[in-house]
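Student: The chain contents come next:
2 protein chains.
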Amino acid sequence: MSSSNEPAAPGDLLERVDTPALILDLDAFEANLAALHGYAAARGVRVRAHGKAHRCPALALRQIAAGAAGICCQKVGEAEGFAAAGIDDILISNEVVDSPKLARLARLARDVRLAVCVDHPEAVRALAQACTDAHAQVDVLIELDVGQGRCGVRDVGEVLTLARAIADAAPVLRLRGLQAYHGSAQHLRAPGERAASIAAASRRAAQARDALEAGGCACGEITGGGTGTFAYEAASGVYTEIQPGSYALMDLDYRANGADLAVPAMRQAIGVLMSVMSVHRTHAVLDGGLKAVSVDSGAPAPRLSGWRVRGVSDEHTVIEPVDRSAAAPAPALGSRCMLDPGHCDPTMNLHDHVVACRGDRVEAVWPVLARSASR
Amino acid sequence: MSSSNEPAAPGDLLERVDTPALILDLDAFEANLAALHGYAAARGVRVRAHGKAHRCPALALRQIAAGAAGICCQKVGEAEGFAAAGIDDILISNEVVDSPKLARLARLARDVRLAVCVDHPEAVRALAQACTDAHAQVDVLIELDVGQGRCGVRDVGEVLTLARAIADAAPVLRLRGLQAYHGSAQHLRAPGERAASIAAASRRAAQARDALEAGGCACGEITGGGTGTFAYEAASGVYTEIQPGSYALMDLDYRANGADLAVPAMRQAIGVLMSVMSVHRTHAVLDGGLKAVSVDSGAPAPRLSGWRVRGVSDEHTVIEPVDRSAAAPAPALGSRCMLDPGHCDPTMNLHDHVVACRGDRVEAVWPVLARSASR
Chain A
153 MSSSNEPAAP GDLLERVDTP ALILDLDAFE ANLAALHGYA AARGVRVRAH
203 GKAHRCPALA LRQIAAGAAG ICCQKVGEAE GFAAAGIDDI LISNEVVDSP
253 KLARLARLAR DVRLAVCVDH PEAVRALAQA CTDAHAQVDV LIELDVGQGR
303 CGVRDVGEVL TLARAIADAA PVLRLRGLQA YHGSAQHLRA PGERAASIAA
353 ASRRAAQARD ALEAGGCACG EITGGGTGTF AYEAASGVYT EIQPGSYALM
403 DLDYRANGAD LAVPAMRQAI GVLMSVMSVH RTHAVLDGGL KAVSVDSGAP
453 APRLSGWRVR GVSDEHTVIE PVDRSAAAPA PALGSRCMLD PGHCDPTMNL
503 HDHVVACRGD RVEAVWPVLA RSASR
Chain B
153 MSSSNEPAAP GDLLERVDTP ALILDLDAFE ANLAALHGYA AARGVRVRAH
203 GKAHRCPALA LRQIAAGAAG ICCQKVGEAE GFAAAGIDDI LISNEVVDSP
253 KLARLARLAR DVRLAVCVDH PEAVRALAQA CTDAHAQVDV LIELDVGQGR
303 CGVRDVGEVL TLARAIADAA PVLRLRGLQA YHGSAQHLRA PGERAASIAA
353 ASRRAAQARD ALEAGGCACG EITGGGTGTF AYEAASGVYT EIQPGSYALM
403 DLDYRANGAD LAVPAMRQAI GVLMSVMSVH RTHAVLDGGL KAVSVDSGAP
453 APRLSGWRVR GVSDEHTVIE PVDRSAAAPA PALGSRCMLD PGHCDPTMNL
503 HDHVVACRGD RVEAVWPVLA RSASR
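The listed protein sequences correspond, in order, to chains A and B. For the first sequence, the numbering used here gives the first residue as 153, with consecutive numbering after it. For the second sequence, the numbering used here gives the first residue as 153, with consecutive numbering after it.
Chain A on its own, in the form it takes in the complex (with noise of 0.2 angstroms):
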């Protein structure tokens, strides 16, 4: 165990690592990587991959080192995080509407490829004042609602308005295309009912792309797709781009889904290693809780045969035997369980580093960036 606040050092024994801590597979993260984007090329389309999934520069290096074009996040603290790390290529997926935020969004973009998505025409007008106030320049994508019912505007009409204040504050803004993202399909189990809901995008981006293009506006990209439904936006010969996060890391709300023809299952990269603190006849208490793994998608899943978890509180994880007739063993005082999370975003985000391992050796360790990231 490393002396600083980090729960381990390279060399480490993963059974000593510091707990609760959060751990990355290398060869999970590494088979991930590969299956997704040995698919993406193969179907000629871009991935960009999303950094609000691990906020951590050291996966996002990788990613590209991969394959991705760039990646993409939600908050300009995400994109100041990843440009520091080097990255050049990056997308707010997002809408941005505070000043302070804008400025730091129009410097940001005087050192990086930057672009960021507006659904509304005051937005509009604040980013073009920002950037002509900062000297830069910034491509912007039109967030196309396209099922979600959260950001984005719904109608064409709408998107040529927005085209039209765009095209209005040339040259700091420049229309790059759309951005269409359809959230709420990644995790509708069936497959079917994902290729149904990103069918409906499709045509939606598509009249918006053809609306644009009849206006006169050119719309190179269009750019959205998660985890669960990647494969259908890149067979759609609409979509230019993709924006997988979670394939890289998995979680359990993923994993449920069922699974795509032709898409390569990813591997459960991180876990969550917790200690048994206290061990009773009728169940065990593990050292981290709700602040150390997200429970908004359904509890953690212990990688111990035999048993669940019972609870989650603050600081706790109580885990039981899934029959309690049967004699599962104990686990020993002391001794170390690992955990999947239900959901890989928010579960990050609780850490401030990342622990990489290679079998059962500590081989990195990676900060996350800072809870600020947020903003």
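Hints listed in this document are in silico derivations from the structure and should not be mistaken for laboratory results. Cβ coordinates follow ideal geometry from the N, Cα and C atoms, glycine included. Be aware that one or more of the hints could be misleading.
What the simulated footprint calls covered on chain A by chain B, stretch by stretch (three residues with Cβ under 8 angstroms from a Cβ of chain B suffice, anywhere in the stretch; the number is not a length) [as the list claims (entries may be wrong)]: (1) 244-254; (2) 345-354; (3) 410-422; (4) 499-509.
Once you've looked at the hints, dock chain B against the given chain A.
Tutor: Showing chain B alone in chain A's frame:
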């Protein structure tokens, strides 16, 4: 707005704080401290404020100034962080079993009055070894499971076994008494249910105390009780110390409890400030999500009359009118919206700083302990 990674600077207007940000209403916080510590002082029960609720040394120091005898926390990393801020009476109200953590704990015990809980003889031996190695002395509380079914021993026989192991490890270990916290009683909604649970917990604690004293072991302290039940521990005649934490901050889950007679109502002191980043006919989107507010105890609630949360995803909270037929005025793009969190502890943990406001002005920006305090 500050140019550092802090979301604000003293003197800023609340409406200019960068978002998402964790806001502390100082008037409400101070009123909660006055109410709780006045209540306890009038009843002659000592308060050990639970620092796990906020992990913020600046708040802990104010709790001590308001009358807390010291603080408790769950992790060695938290204890180190609070000690570094000058807090010199700390109870780790939890088990610590791993050798590197025990070594850190023993080192810390040379500098501050430190206590820790045990529920297994092996842990007593490992703790004693660490203290011997560090030439340190630590107070020990035997954790009694008074109904939660998590950590702690259940039988008086086990209590006596642990007391003998602690006595055998004198002088490096010294028995202080019993940790008897009933976590699952905190959110029983009816005051009568909470009263009955704590009556049962008090009987168990008194039995264990009597057995210890009959066995020649002084049991000076019986500590436990949280924000939902402290009135019952305080009135029990058994507990000598209460451990509330959330009282200072509050959340929706505690506010859903039925009120106790004679217990002052605590005010909502923390909120998560977000900005409206996207507006639509049917909904609006705020610029914070699962990485800014915890949803383990339910969705947050916007302080925006006629609006409610529809959904929370990684970086977005979607709000909608409660009554779609009534025309609730939509919030303006870029305007601020404060949300009350469902659960204060893991929400605090999602932020690097707490922005302390007096009315609509920022008075201070205080750091929250690093995520590595979980170890």
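Student: Out of the numbered hints, which ones does the structure contradict?
Tutor: 2 and 3
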